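Here the protein sequences line up with chains A and B, keeping their order.
The first sequence begins at 1 in this note's numbering and counts up by one.
The second sequence begins at 1 in this note's numbering and counts up by one.
Derived from the structure by calculation, the hints contain no laboratory data.
Distance condition first, Cα-Cα at most 30 Å in a straight line; then the derived DSSO-like pairs of lysine-lysine:
hint, chain 1, residue 1, chain 2, residue 2
1, B, Lys400, B, Lys279
2, B, Lys80, A, Lys359
3, B, Lys368, A, Lys88
4, B, Lys303, A, Lys88
5, B, Lys302, A, Lys125
6, A, Lys339, B, Lys80
7, B, Lys422, B, Lys279
8, B, Lys422, A, Lys88
9, B, Lys80, A, Lys344
10, A, Lys300, B, Lys80
11, B, Lys303, A, Lys142
12, B, Lys303, A, Lys125
13, A, Lys126, A, Lys63
14, B, Lys302, A, Lys88
15, A, Lys126, B, Lys368
16, A, Lys125, B, Lys368
17, B, Lys279, B, Lys368
18, A, Lys339, A, Lys300
19, B, Lys310, A, Lys88
20, A, Lys413, A, Lys300
21, B, Lys303, A, Lys126
22, A, Lys142, B, Lys302
23, B, Lys310, A, Lys126
24, A, Lys88, A, Lys203
25, B, Lys302, B, Lys368
26, A, Lys126, B, Lys302
27, B, Lys279, A, Lys88
28, B, Lys310, A, Lys142
29, A, Lys125, A, Lys232
30, B, Lys310, A, Lys63
Small disclaimer: the values here were computed from a predicted structure and weren't measured.
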Amino acid sequence: MKAIFAFISVFLFHSFAGLAAVEVQEVRSQGGIQAWLIEERSIPFTALELRFRGGTSLDREGKRGEINLMTALIEEGAGDLDSQEFSKARDRLAASFEFDAYLDSVAISVRFLSDNKDEAIALLKKALVQTRFDEDAIERVKSQVRSIIDSDANDPSAIASNAFYNDAFGNHPYGTNSNGTLESVNQLTRSDMFAARDRALTKDNLFVSAVGDISADELGEILDQLLGDLPKSGPSLEGYATPNLNGETSVIAFDTPQSVIMFGHESIARDDPDFIAAYVASEIMGGSGESILRQEVREKRGLTYGIGSFLSPLDHSSLLLGRFSSGNEVAAQAVQVVKEEWGKFAQNGATQAQLDIAKTYLTGAYPLRFDGNSRIARILAGMQMDGYSTDYFKIRNDLVNAVTLEDLNRVIKRVYAPEKLTFVIVGRPEGL
Amino acid sequence: MKTLFISFICLLCAAPSVAENISQFELDNGLEVVVIEDHRAPVVVQTLWYKVGSADEAPGKSGIAHFLEHLLFKGTENLKSGEFSETVTRNGGSDNAFTSWDYTAYYQRIASDRLELIMRMEADRMRNVRMSEEEVATERQVILEERSLRVDSDPSALFREQLRASQFLNHHYGIPIIGWRHEMEELSREDALAFYDLYYAPNNAILVIAGDVDPDEVHKLAQKYYGPIAPSYDLPPRVRPQEPPQLAERRLSFSDPRISQAVVSRQYLAPERNSGDQKEAAALTLFAELLGGNMSTAYLAKKLAIDDPKAVFVGAFYNGTTIDYGSLDLVIVPLPNVGLQEAEDLLDMAVADFLEAGVDHDELARLKAQLRASEIYERDNVGSLSRRYGQELAIGLELKDIQSWNDELQAVTAEEIIAAAKKVLNRNNSVTGWQMPPAQRSTNEVK
Numbered sequence: 001m002k003a004i005f006a007f008i009s010v011f012l013f014h015s016f017a018g019l020a021a022v023e024v025q026e027v028r029s030q031g032g033i034q035a036w037l038i039e040e041r042s043i044p045f046t047a048l049e050l051r052f053r054g055g056t057s058l059d060r061e062g063k064r065g066e067i068n069l070m071t072a073l074i075e076e077g078a079g080d081l082d083s084q085e086f087s088k089a090r091d092r093l094a095a096s097f098e099f100d101a102y103l104d105s106v107a108i109s110v111r112f113l114s115d116n117k118d119e120a121i122a123l124l125k126k127a128l129v130q131t132r133f134d135e136d137a138i139e140r141v142k143s144q145v146r147s148i149i150d151s152d153a154n155d156p157s158a159i160a161s162n163a164f165y166n167d168a169f170g171n172h173p174y175g176t177n178s179n180g181t182l183e184s185v186n187q188l189t190r191s192d193m194f195a196a197r198d199r200a201l202t203k204d205n206l207f208v209s210a211v212g213d214i215s216a217d218e219l220g221e222i223l224d225q226l227l228g229d230l231p232k233s234g235p236s237l238e239g240y241a242t243p244n245l246n247g248e249t250s251v252i253a254f255d256t257p258q259s260v261i262m263f264g265h266e267s268i269a270r271d272d273p274d275f276i277a278a279y280v281a282s283e284i285m286g287g288s289g290e291s292i293l294r295q296e297v298r299e300k301r302g303l304t305y306g307i308g309s310f311l312s313p314l315d316h317s318s319l320l321l322g323r324f325s326s327g328n329e330v331a332a333q334a335v336q337v338v339k340e341e342w343g344k345f346a347q348n349g350a351t352q353a354q355l356d357i358a359k360t361y362l363t364g365a366y367p368l369r370f371d372g373n374s375r376i377a378r379i380l381a382g383m384q385m386d387g388y389s390t391d392y393f394k395i396r397n398d399l400v401n402a403v404t405l406e407d408l409n410r411v412i413k414r415v416y417a418p419e420k421l422t423f424v425i426v427g428r429p430e431g432l
Numbered sequence: 001m002k003t004l005f006i007s008f009i010c011l012l013c014a015a016p017s018v019a020e021n022i023s024q025f026e027l028d029n030g031l032e033v034v035v036i037e038d039h040r041a042p043v044v045v046q047t048l049w050y051k052v053g054s055a056d057e058a059p060g061k062s063g064i065a066h067f068l069e070h071l072l073f074k075g076t077e078n079l080k081s082g083e084f085s086e087t088v089t090r091n092g093g094s095d096n097a098f099t100s101w102d103y104t105a106y107y108q109r110i111a112s113d114r115l116e117l118i119m120r121m122e123a124d125r126m127r128n129v130r131m132s133e134e135e136v137a138t139e140r141q142v143i144l145e146e147r148s149l150r151v152d153s154d155p156s157a158l159f160r161e162q163l164r165a166s167q168f169l170n171h172h173y174g175i176p177i178i179g180w181r182h183e184m185e186e187l188s189r190e191d192a193l194a195f196y197d198l199y200y201a202p203n204n205a206i207l208v209i210a211g212d213v214d215p216d217e218v219h220k221l222a223q224k225y226y227g228p229i230a231p232s233y234d235l236p237p238r239v240r241p242q243e244p245p246q247l248a249e250r251r252l253s254f255s256d257p258r259i260s261q262a263v264v265s266r267q268y269l270a271p272e273r274n275s276g277d278q279k280e281a282a283a284l285t286l287f288a289e290l291l292g293g294n295m296s297t298a299y300l301a302k303k304l305a306i307d308d309p310k311a312v313f314v315g316a317f318y319n320g321t322t323i324d325y326g327s328l329d330l331v332i333v334p335l336p337n338v339g340l341q342e343a344e345d346l347l348d349m350a351v352a353d354f355l356e357a358g359v360d361h362d363e364l365a366r367l368k369a370q371l372r373a374s375e376i377y378e379r380d381n382v383g384s385l386s387r388r389y390g391q392e393l394a395i396g397l398e399l400k401d402i403q404s405w406n407d408e409l410q411a412v413t414a415e416e417i418i419a420a421a422k423k424v425l426n427r428n429n430s431v432t433g434w435q436m437p438p439a440q441r442s443t444n445e446v447k
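Pulled out of the complex, with its shape left as it was, chain A reads as follows (with noise of 0.2 Å):
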């Protein structure tokens, strides 16, 4: 089982670099089951991406983790095959299945072999209809989930990452870890896992996406096998959560010579008008080149290894998040840093030219995303799920482009709010 941590996993911004010359295709199999394909025939294998939307945010009143640890024991056992009988199997077909919960989402990344892709689908869908639950992997794979939140409660990262959602939405299940505590995991039942199951993985929240060595009626055939069976609907989602971020910082104290500091306040959602201005300035402030926050407190002053803030809209809320790590006795000032800059750019925004290298930069770096069949599996779940039409790639640089300075300012006094920025630091912190 990996250890798995929702928290800090974000999405930022979907999309592939479908360049001209690639098609996505539009399956629908005979069952009513649609996919996005892209055939790609020059490797003998097939990269199949399942997303269910929902994820940990499933988790009912009381069972937090039900979901995560349900995920972690669907390859635990199926149909005949006990745990070790399915790894074999599996590993005779060298095909891999990997399975994720995250806060919106449970992901099925499968790999296949085109020699026997009819088999590896036949035990992969074992495992989504006929899981077993066996009593000895629910206790073994709780013993892992347990010693997981037992090391998160000593490790900086952790503690400052459940302590910054928890202030944000208290008992909104955004609010707790998806591994739930030591109390609710223990709970977690049997027939909690069936449950859990058949909540999070139902044919109405599912969405598909294929790439490699198979057409589009092989892939339709392989979905109506695998997937059929799925029960139709699932739980009604969560609404839309308004984060509780007005500014405070606080500190909790940890003995290391090094204190994390996580920051942010509420953003934009991502079917806003404004978010791809919002994402520019995004870039410009905190982003993965030259930005304002590396530039100012790693280059410049040397107060950190290295420095983010990005976008991070979920389904249910949106916020604006960064973080850092910065020695105990530069803590306080590299805080002052991050509080000036973030008050200079909601009030004066950004240049002419910020805008213009971050328009490079994105644009540049679009198509680079499109390399390896898995990644692009990946990247056409998350477009259709974040409700993009298959041409979306078409059209992507040219938004990116559109956006002019005017726009951008607007956007940043629209969504920066150094009043609302919130910091959790954890560590020893001096004069903080």
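Assemble chain B onto chain A, guided by the hints.
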């Protein structure tokens, strides 16, 4: 100049596959160049590997290889400070670098029509770096923050550092790549430039260009930008202080209030891969996989986590892609009700049982089938393919060794696996470490 064209044949797939095209040539000044073609996406990755790493540092100068790596992002005669990365970024690319005991590498990933730009800039900083005292001082703060972040804030990283320092009695593999803090604090601009002048030269480097490129075009550009750089004539031979016979096992006990989960680790010295001689390394690779390569079907997982659960995690890892010494690591993370001594004993007994029982032929056949398939999947990620080739060349393997590695793995027999393992599993060559929360230390020490 010699040019070799080698292509991989996929062993498993019946369908004809597009061969992975790899070519190699050498410039007159000694720069080795490898080109890996993948035309599926208009992307290229350039990686320049210098055959120098932290294990080549002079005594007292730990961290200088890594510090210099940071300083290479300052200016040159032709670029102002920071302009290298700015230029890459403004062209939509990304760039970074990494340092290991055996090599230092710089890479950029960018649209393939910008290849010339990054080759020109990377060649430029091979010889023309400029840095001010002030830049060096600020960057020293950054590497100290990096050490705080990666090591001092992470008790298991501190523990691994101690474990490695105990593993090597004489070889510099025992010194952390990032450096010991007290030595990092003293590293100067002169130290960095002396290291740079000595080691950064075409005859001490390997250039790997991977992606949507044409080998002839790469050759032309390499000749144009790297070709005029003079080789270094005073490159020292890569001979590091070697280990004396290790005659006594070492034991560590480490506690830190930030540790919640007790762990027992054991590391053995092991043979490494050498050009023309990878048989033992291949056997040890399979041994580690079968013994503890995953948490579902591997021997240790089955015995200690599934059939009679005593551990949250148990695993075995072999690393032989090194110049001087490889390592075999065993790790067990016991369940809360299992003590550290008990966990260590259970681990030792399980390993002994594995050696006694011998390799299960079905398990071996399944593993080999997976390894064959991994060649297919590996072709999906040209970045990691490029990294593997560069790393293996940088430690002294040749292209033929890299390309015969999968055959070597397939040829290993059950008997060879057990024989190679028995040779390595000698406690005199090992360090055993317990890491635990402070409260557990007192109880464990009385035992």
